[in-house]
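If you're matching them up, the sequences are chains A and B in order. Residues 1 to 562 in our numbering are what the first sequence lists, from first letter to last. Residues 1 to 157 in our numbering are what the second sequence lists, from first letter to last.
Because the hints were derived from the structure by calculation, they are not lab data. Ideal Cβ placement from N, Cα and C applies to all residues, glycine included. Hints are all accurate, no fakes.
Stretch-level coverage of chain B by chain A, calculated; a stretch enters the list once three of its residues show a Cβ under 8 Å from a Cβ in chain A: (1) 8-22; (2) 26-34; (3) 115-122; (4) 126-140.
Each chain, letter by letter, is given below.
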Amino acid sequence: MPDLQTQLRFYADTLDELYSDVGFDEILERIPPRSPRRVPVRRGVVVALAVAIVILTFIGGVALLNLFSGSEPPVVTQPDSPATTISPAPINPSLNWQGYWPQNSLEEIELDQQRADDGDRSFDWQIGLEPTNEAVGVAPTDPGGEVGAETAVRYLEEVLGWTDYRMVAGGGSEGEPWDLVFVQCEPDTPNPMYISDPAGADCAPTLDQLHYRTAKLRLEQPIRQGAGGLWVVTSVSQLADSAEPLYVADWHSRQYEQVVPATEEELRDFVEGVSEARVAGTGAEQYLMPLTPGASLLYTTSSGLPYESFELVRVDWGPTWPDGTYRVIVRMLGAGGGVVVEQAFLIHQEQDGELRLDYGLGEGTENGEPVALTYGILAGEITWRVPDPWFSPWMLGVVDGDESIVVGGVEAAEVYFVVLGDPWIPEGQCAPTARRGSADELVAAIVSDPDLDVSASTDVIVGGVQAVRLDLAPSTSAEMCPGSDESDSAGIGMPVVSVMQQGDEHPWSVTDGDRMRIYLLDVPGPDGLRPVAIMIRAPDEVFGEALTAAEPMIGSFVFESP
Amino acid sequence: MLDDDAAEAFTGFVREVGPRLKQSLIAALGGEVGREATAEALAWAWENWSRLQTMQNPAGYLYRVGRNRGISALRRRPVFPPLIESPSEGPWIEPGLPLALAHLAEMQRVTVLLVHGFGWTYREVAEHLGVAVGTVQTHVERGMSKLRIELKVELHA
Numbered sequence: 001m002p003d004l005q006t007q008l009r010f011y012a013d014t015l016d017e018l019y020s021d022v023g024f025d026e027i028l029e030r031i032p033p034r035s036p037r038r039v040p041v042r043r044g045v046v047v048a049l050a051v052a053i054v055i056l057t058f059i060g061g062v063a064l065l066n067l068f069s070g071s072e073p074p075v076v077t078q079p080d081s082p083a084t085t086i087s088p089a090p091i092n093p094s095l096n097w098q099g100y101w102p103q104n105s106l107e108e109i110e111l112d113q114q115r116a117d118d119g120d121r122s123f124d125w126q127i128g129l130e131p132t133n134e135a136v137g138v139a140p141t142d143p144g145g146e147v148g149a150e151t152a153v154r155y156l157e158e159v160l161g162w163t164d165y166r167m168v169a170g171g172g173s174e175g176e177p178w179d180l181v182f183v184q185c186e187p188d189t190p191n192p193m194y195i196s197d198p199a200g201a202d203c204a205p206t207l208d209q210l211h212y213r214t215a216k217l218r219l220e221q222p223i224r225q226g227a228g229g230l231w232v233v234t235s236v237s238q239l240a241d242s243a244e245p246l247y248v249a250d251w252h253s254r255q256y257e258q259v260v261p262a263t264e265e266e267l268r269d270f271v272e273g274v275s276e277a278r279v280a281g282t283g284a285e286q287y288l289m290p291l292t293p294g295a296s297l298l299y300t301t302s303s304g305l306p307y308e309s310f311e312l313v314r315v316d317w318g319p320t321w322p323d324g325t326y327r328v329i330v331r332m333l334g335a336g337g338g339v340v341v342e343q344a345f346l347i348h349q350e351q352d353g354e355l356r357l358d359y360g361l362g363e364g365t366e367n368g369e370p371v372a373l374t375y376g377i378l379a380g381e382i383t384w385r386v387p388d389p390w391f392s393p394w395m396l397g398v399v400d401g402d403e404s405i406v407v408g409g410v411e412a413a414e415v416y417f418v419v420l421g422d423p424w425i426p427e428g429q430c431a432p433t434a435r436r437g438s439a440d441e442l443v444a445a446i447v448s449d450p451d452l453d454v455s456a457s458t459d460v461i462v463g464g465v466q467a468v469r470l471d472l473a474p475s476t477s478a479e480m481c482p483g484s485d486e487s488d489s490a491g492i493g494m495p496v497v498s499v500m501q502q503g504d505e506h507p508w509s510v511t512d513g514d515r516m517r518i519y520l521l522d523v524p525g526p527d528g529l530r531p532v533a534i535m536i537r538a539p540d541e542v543f544g545e546a547l548t549a550a551e552p553m554i555g556s557f558v559f560e561s562p
Numbered sequence: 001m002l003d004d005d006a007a008e009a010f011t012g013f014v015r016e017v018g019p020r021l022k023q024s025l026i027a028a029l030g031g032e033v034g035r036e037a038t039a040e041a042l043a044w045a046w047e048n049w050s051r052l053q054t055m056q057n058p059a060g061y062l063y064r065v066g067r068n069r070g071i072s073a074l075r076r077r078p079v080f081p082p083l084i085e086s087p088s089e090g091p092w093i094e095p096g097l098p099l100a101l102a103h104l105a106e107m108q109r110v111t112v113l114l115v116h117g118f119g120w121t122y123r124e125v126a127e128h129l130g131v132a133v134g135t136v137q138t139h140v141e142r143g144m145s146k147l148r149i150e151l152k153v154e155l156h157a
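Could you put together the complete structure from these sequences and hints?
Structure follows, in structure tokens:
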């Protein structure tokens with residue numbers, strides 16, 4: 001059999017042949033007959049412009065511009081033209097403004113929406129595709145993605161006068177306003193601190209050596225949401241500086257900035273400090289990120305062998321813009337030299353320059369073999385070991401930092417492994433409420449739910465504790481429950497159990513096309529028995545594989561006595 | 001519309017960039033959607049030709065344009081055509097390879113296909129996707145590892 005690389009080459013060649021290159025004629029066919037940079041005439045805009053020009057001419061001076069905060073941004077128009085080009089000049093650089101742009105009022109937007117609906121293609125640039133989190137989340141440097149993309153870009157370029165910028169954050173829901181955060185880069189100026197990172201190499205700060213002028217644009221579809229609705233800018237705000245570390249920064253709400261990245265020498269000194277502490281068997285925690293969960297292999301191999309030496313294998317990559325993160329590969333040698341532990345770490349930087357090691361959630365090998373790592377919830381009352389491939393950092397995460405929940409999953413295949421401490425029983429159609437209950441009560445509630453098809457319950461032992469195992473799916477007659485609001489078109493499926501998160505009930509559900517295996521058991525806790533739910537949820541077609549993959553985890557549960 | 005010089009420059013751009021743009025979008029979105037997204041991205045390029053010319057990495061930008069347009073067409077995962085039977089010429093291909101590729105996380109799939117399938121260098125992929133070379137390497141390693149697990153093939157050097 002040819003090796004995998006050969007198979008990939010051949011398959012790629014096949015794809016290349018199967019899907020021919022796009023021809024020039026085919027491109028032209030997709031272009032509507034319009035002038036793409038034109039905006040229709042609006043009489044109100046003309047008046048606003050005229051007033052703005054008169055005032056600016058009369059008083060003059062940049063200082064007046066801030067007085068426009070809260071008013072409409074002026075727009076240049078040509079009254080005799082059937083369509084009006086927005087001036088490329090930066091007329092109003094104010095970064096704190098509310099109103100409507102490019103239209104000036106709801107009435108104008110409504111009128112133009114009607115024109116667009118009637119086939120006027122000159123509004124196409126104001127119509128984005130449906131906003132999706134994927135559109136922004138995956139390509140955060142893309143100016144606008146598809147969320148009112150052209151509207152945002154034109155506002156930046158033609159109103160604020162920005163010529164070089166990056167989108168650094170964005171988010172919203174279908175039918176709701178979208179906030180897009182942009183940073184202004186110093187035009188035609190390289191960023192020497194991050195010359196090795198293409199994302200930031202050509203985006204130098206605009207305020208000082210570290211800080212960027214940062215604007216949050218709110219985009220809305222005031223008249224009609226969804227496909228075909230006109231996007232308008234309704235507010236702009238300049239975001240303020242913050243003291244929180246960049247590696248936890250929420251770029252939706254703070255000014256963008258970069259750190260001075262550590263030099264490679266500083267990085268090596270830091271790694272040596274951590275590794276020497278690991279060999280010494282004490283003091284390594286001080287180098288780790290705050291709140292690092294149980295760090296397997298920190299001081300010993302999986303068999304308890306202490307380390308006797310270490311090696312920085314390589315600096316894998318870094319520093320990344322703007323937070324100066326590096327990735328390093330470190331090798332620890334067990335006493336006697338028989339065991340080699342190799343791990344990949346991210347190294348972050350605090351704003352004061354102090355480095356922190358992100359111990360991560362896995363990526364460890366012992367003598368070349370992946371090492372199962374231990375996770376726990378409820379302050380260690382429940383622990384279990386997670387084997388490869390489930391422990392990869394992007395497959396396993398703690399939801400909302402809630403101590404009672406850990407979720408793992410194979411992202412692309414939509415397979416989830418969920419452990420819930422203290423699950424509640426959903427009550428009422430689509431689980432508007434929930435109540436506490438024991439494992440037996442949870443089992444009874446699930447089995448009697450007419451919206452779930454449940455297999456016969458099976459008694460099993462998990463971690464030495466008696467448990468009940470159920471396999472279930474939505475019943476054929478079940479009508480899937482909607483999401484928490486209209487924007488959640490996928491809905492929540494059929495609730496199976498609920499868990500309290502930050503004061504709200506959060507149902508864990510199974511939906512059309514999915515199946516779930518759930519283990520319910522009562523484990524001893526400090527205040528008596530407490531229920532635990534362990535769930536594996538997967539699409540029908542891979543459900544069997546998911547159960548097989550989860551078996552080692554189910555078999556590894558340990559429940560600590562109070 | 002563009003003048004003749006600009007049109008000529010654009011056709012040259014399409015010849016140069018189009019095939020590789022198509023490869024990367026097929027890797028991200030699957031065959032049909034990827035090709036469609038390529039056409040959409042190039043149409044966008046035609047309409048925004050003057051703006052595109054000022055960009056340092058127009059191909060990378062068009063990749064994001066195409067990807068964003070294409071992703072709304074995907075409901076669950078990209079579709080890669082199965083090879084019912086391998087042609088007489090060329091090597092045998094594991095029948096599960098297309099599905100295994102679809103199962104990969106997107107960045108893993110894109111980097112694996114571009115590097116090992118279409119023969120791009122790590123640096124070319126990094127520039128195209130706007131990420132660090134080390135990031136590409138990591139995704140490729142993880143993607144290949146997952147493919148080997150799913151296809152149950154032995155590790156090759």
